[in-house]
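2 protein chains.
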Amino acid sequence: MKIRKIAGGFTAAKGFKAASCEAAIKYQNRRDMALLFTDVPCAVAGTFTSNRVKAAPVLWDMGIVKSGRPARAVVVNTGIANAGTGAEGMRLCSETAKHTAEILGISADEVLVGSTGVIGPNVPLDRITAGVTVMAKNLSDSAEAGTLASKAIMTTDTVNKEYAVEFDLPAASGEGTVTVRLGGMSKGSGMIHPNMCTMLGYLATDCAIDPSLLQKALSNVIKDTFNMITVDGDTSTNDTLLLFSSSLAGNKPITTEDESYELFCSALYSVCHDLSVLMASDGEGATHLLEIRVFNADTKENARTLARSVAGSSLVKAMIYGKDANCGRVLCALGYAGPAFDPANIVITMTGKSGSVCFYKDGCVQLFDEEKALAILSEHDVHFDCDMNMGNEEATAWGCDLTYDYVKINGDYRT
Amino acid sequence: MKIRKIAGGFTAAKGFKAASCEAAIKYQNRRDMALLFTDVPCAVAGTFTSNRVKAAPVLWDMGIVKSGRPARAVVVNTGIANAGTGAEGMRLCSETAKHTAEILGISADEVLVGSTGVIGPNVPLDRITAGVTVMAKNLSDSAEAGTLASKAIMTTDTVNKEYAVEFDLPAASGEGTVTVRLGGMSKGSGMIHPNMCTMLGYLATDCAIDPSLLQKALSNVIKDTFNMITVDGDTSTNDTLLLFSSSLAGNKPITTEDESYELFCSALYSVCHDLSVLMASDGEGATHLLEIRVFNADTKENARTLARSVAGSSLVKAMIYGKDANCGRVLCALGYAGPAFDPANIVITMTGKSGSVCFYKDGCVQLFDEEKALAILSEHDVHFDCDMNMGNEEATAWGCDLTYDYVKINGDYRT
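If you're matching them up, the sequences are chains E and Z in order.
The first sequence begins at 1 in this note's numbering and counts up by one.
The second sequence begins at 1 in this note's numbering and counts up by one.
Same shape as in the complex, but just chain E (with noise of 0.2 Å):
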């Protein structure tokens, strides 16, 4: 295997360090902040939500990731979401970052801010500066500080997530190979919504790799990994992802669309892909990932389009959360997603370890073996394939089951 996983987060590759603390923001009784911090000055890629309407830290954070300089920490805060926050919100990104950067003796455009949970009101300032001072004592590069601040980041997320690889390039010094480390971290689960990246999410590399490439293979990876997720089909304000690099490795600089850009990419994908789908299976309230696979598609964005119609489809996601193979809802939610096929040639299967159920093709709803489907519809993992025989593009979207715990935790959020 080129790209093996390995344990940590963000703290798995070289040059990267994280700390927590419970500032009790709004949550009491758990770590709510997390610091994330670099020895070296880092290049840094980002990406960032589609909503018009942009957090406060969204667009703090673009100005840094635009401006093309390095940066070396992160302050995130959950519990109260930094947006819809006007001018005042801007304020509080610029003075936290100006405490920050006095804590840690770096320059204030070198801190970028994140925040996620109610939008509204005012986050306190007074508790970020405190708990940005407790925690600038604690940074550690230990993969346990990395587990921490991963789960400092949560808000109705059930699991922490994190993922990291290494994979082996050329050495600087011309001999032999060197190890790359590429890890992460990320935090859902609800308000999530491919279209962009849907999260918070903060991912670390000691790969050498110029910082426009950088930037190039995460916009190119989040689309099909975090942009093929959906809970809940709500973008965000909020979402970021941002990505690291330390050149800490050793490896002969990326600076062209090699073999060695390609495995990096590759190993972006892995830990993208991973985040994205323990994102996905950790939906707000959920019981089941769902997986759809669209191949044989005409146009790889068709492919996508309605790969994600079915993953978001309210109908869909309530049959597999009552094991219902109510199956024509899932040529439905193909219909509906906007892209020309002609329904009389798709073939769609659903599969899970127990077995397979073609359940539509020759232009009918196929009767079935009911029982097999209820065994596949028990799983954890539900996946549908959909044979649009148009073409050779394919992509796949993961989503969740719709179920009374996502109605009950979204009907009370802010209490």
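Treat the hints as calculated values from the structure; they're not laboratory data.
Treat the numbers as computed from the prediction; the structure is a model and nothing was measured.
A virtual CB, placed ideally from N, CA and C, is assigned to each residue, including glycine.
Treat the hints with caution; some may be incorrect.
What the hints assert, rightly or not - Covered by chain Z, according to a simulated footprint, are these stretches of chain E (three or more residues, beta-carbon under 8 Å):
hint, region
1, 51-60
2, 339-353
3, 362-375
Claimed, not checked - Simulated DEER-style distance windows between Cβ atoms:
hint, chain 1, residue 1, chain 2, residue 2, range
4, E, A24, Z, K300, 30 to 40 Å
5, E, T133, Z, A340, 35 to 45 Å
6, Z, E144, E, K223, 36 to 46 Å
7, Z, N392, E, D369, 50 to 60 Å
8, E, K223, Z, L367, 38 to 48 Å
9, Z, A340, E, K223, 19 to 29 Å
10, Z, D342, E, L374, 47 to 57 Å
Since chain E is already given, all that's left is putting chain Z on it; use the hints.
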């Protein structure tokens, strides 16, 4: 009042009869078929689902409407939808029309068909034809017959939906005016999302009007009525809305877009509006009607898109159910709708009989009176006014809350 609400539905206008029966297609011990019949050949306008997968009855009816030929009857069944049924589904339509034509002494190409329920297993033709034979004997122009028909086409609807109005137009004789009537019925209540008409609906008028204007009026009016409601974002394969005109009112035929046409359009809007709101209010599992008004938008289409986005947001819907004034979600749903706007310029207000609370202006989520917000959210109808401050266009969308019962109904729909 130029347009006056009257009792009745499909049979309110002159020349229209209805019947219904228990055909045991799937449901037992309830009416599950309706037959609509016109005393004279009628002009018929129609709008149909935009889903790429169109149910056989949709294709059948589209053919008749497109031909421009008059029609005489509609046969509707509920319980099992003739959709995803390929050539066999078309044969079912053809056989149903043939049998109905024979019984009623009309031509098969004057018979439209409608079908709603679980997508898939073929509707039993023998029960359909037996039902038609029974219903043909019981056709009546009474209000009760119309009401029973409106009940017979229900699926998960909890109430039947009828509405009728009358208005006065210049008489054909050239002296004075005559009273013209327009009534109809529709059914929801899941797989409802605006992209055409999202339901079955049958409207009837005795107004004499040029068939092309009849179609034009219908196509225009649905843009601000049936196409502005959403229950779950799923656009059905079966959506059909038909409007029949018997020309029996004795009015001077409407042949140009004059005052009489405008009045007809207003009456049609009135009927379609009320049926739409009834459908949104009776969305699967709904406990609240949600009305989103977007005004001062730059274009009409943007106003519609913004309003629909909020009405369709799972998070907004869940918060209404939970009576939780987590109003940043309304802002968020405007933001991801697509149309550009400046978040600093918009004002969002929630209103009800209990008063109103402004929760967003000047780029900031506002502090508001939580008790008043709770009082508004405790009402059945909850309104959001979104002032975009960009122009003069407005649109209103209707939806409902997302509840445990929606999940329950759709997690186990087939049984």
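Hints, one by one, checked against the model:
1. 51-60: It holds: at least three residues are needed, and the region 51-60 of chain E offers 4 whose Cβ sits within less than 8 Å of chain Z.
2. 339-353: holds (count 5)
3. 362-375: Three-residue rule met by the region 362-375 of chain E, so holds; n is 5.
4. E/A24 to Z/K300: 30 to 40 Å: Once the Cβ atoms are compared, 48 Å apart, the range 30 to 40 Å for Z/K300 and E/A24 is violated.
5. E/T133 to Z/A340: 35 to 45 Å: holds (40 Å)
6. Z/E144 to E/K223: 36 to 46 Å: For E/K223 against Z/E144, whose Cβ atoms are near 58 Å apart, the range 36 to 46 Å is violated.
7. Z/N392 to E/D369: 50 to 60 Å: Holds: the Cβ-Cβ distance is about 59 Å, inside 50 to 60 Å.
8. E/K223 to Z/L367: 38 to 48 Å: With a Cβ separation near 40 Å, E/K223 and Z/L367 satisfy 38 to 48 Å, so the hint holds.
9. Z/A340 to E/K223: 19 to 29 Å: holds (23 Å)
10. Z/D342 to E/L374: 47 to 57 Å: Since the Cβ atoms of Z/D342 and E/L374 sit about 52 Å apart, the hinted range of 47 to 57 Å holds.
Consistency note: the structure conflicts with the earlier hints numbered 4 and 6.
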